[in-house]
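Peer 1: Note that the protein sequences, when read in sequence, are chains A and B.
Here UniProt numbering is used: position 248 in the first sequence is 248, and no number is missing along the way.
Here UniProt numbering is used: position 24 in the second sequence is 24, and no number is missing along the way.
Derived from the structure by calculation, the hints contain no laboratory data.
Wrong hints could be hidden among the right ones.
Claimed, not checked - No farther apart than 16 Å at their CA atoms in a straight line, the calculated lysine to aspartate or glutamate pairs in the EDC-like style are these:
1. A:5 with B:19
2. A:39 with B:19
3. A:39 with B:41
4. A:26 with B:19
To be verified - Cβ pair distances, simulated, as ranges:
5. B:32 with A:208: 48 to 54 Å
6. B:92 with A:256: 42 to 48 Å
7. B:84 with A:195: 55 to 61 Å
8. A:23 with B:155: 50 to 56 Å
Stated by the list, open to error - If you want the footprint, here are the derived chain A segments under chain B, 3+ residues with CB under 8 Å:
9. 4 to 10
10. 115 to 127
11. 138 to 146
Note that CB positions come from ideal geometry on N, CA and C, so glycine has one too.
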Amino acid sequence: MYETKYHRASTVTDAAAMLKDAEDGKLLSGGQTLIPTMKQRLAAPSDLIDLRHVDGMGGIVKQADGSIRIGAATCHADVAGNDDVKAALPGLAELAGNIGDPHVRHMGTLGGSIANNDPAADYPAALLALGATIETNKREFSAEDFFTGMFETALDEDEIITAVVFPVASNTAYAKFPNPASRYAMAGVFVAKTNAGARVAVSGAGQGGVFRMPDMEKALDANWAADSVVGIAPSEEDMLSDMHGTAAYRANLVTVMAKRAVKASA
Amino acid sequence: MTTVSMTVNGKNISGEVEDRTLLSTFLRENQGLTGTHVGCDTSQCGACLVHMDGKAIKSCSTLAVQASGSAVTTIEGVSQDGQLHIMQKAFKENHGLQCGFCTPGMIMSAIDMINRLGTDLDEKTIRHELEGNICRCTGYHNIVKAIKAAADEMAEVLEAAE
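Chain A with its partners taken away, still in its complex shape:
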């Protein structure tokens, strides 16, 4: 690992100021992607600004309208084990409980995961399917506007995610096919019945990161059943293709995972 300078922020304002002052600073939350990347010398930030001790960045609150607000620094294990999340959005709890391994889930955070927007990360599928709102120290984003491409988001350089709000939904479920070696999703599909109708979002498979499946959503609006998504697949041209699986294989996986997710959602 190249040299770096560590800073521990205690408020969001503090963190933003530290980030601004740094030559090439990076925000550090759980560090479960960033530190391994720095160990491989694939990243070499001049400064690290630790957000784990920022007041008010953690915690899960069920709000009056039934929506669930999760602080950006909340670790995956806390999301997976939270009673409100399990009752209202079981698909989200299930997703969080299967990210990485138990030790990664003790450190890795919701905010860190979505800020990185790894194409194979699980959370982006849940945020997009559930129509979540991402709150930052500057403004709010809809999930649709937030995820702009592989490893890319609409965040400004000096912008910090503070929380994510998940609106009420029913029949939430997530099904993923993990790569047998890395355990990252080769296709992960989140389904939900939201107030705006059926929503289906896919992680792991697409070249541009997370995406929705409008044809599946229409079919599920007509009939919420696993068989409804049979024969509906994304275009192979938009799929990732590598040594782990061809574009055609991944496109087919999306259909299979969508079927499993709908089946699990009942």
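Fit chain B to the known structure of chain A by using the hints.
Peer 2: Just chain B now, with coordinates in the frame of chain A:
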């Protein structure tokens, strides 16, 4: 250099580190606690597991400066009064190791598993929960057996205490 202070196995310690120093390096090289192993360079083998504020984490994927102010338990800290921890004893009795390199991480993971899920563990759960720990010798069979045996014994101890 930065001064870090933390509790390690119940003792208050402090040391000088570079900000880029990993917690695993600090524990091994600064504190001489070489029971915490580093088995890979890719953060996936789990040999480096320690408990930080009561939760299992990978000390190779955490900076020493991040751990400053926290309470850390390493494999050296799980035995009490010269007596092996029930989990250590179960690994010994069930031959839950061959080369032994992954064992400290396996034991820290297994203790964390019982802390989180209780002692009523079936084989499927144990295997699933060991996802973050790699063993290249045993095929896991005796490791799973050891964890099950320790969980059963801990349940008996808890029952007797009630």
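Peer 1: Which of the stated hints cannot be reconciled with the structure, identified by number in ascending sequence?
Peer 2: Violated: hints 10 and 11.
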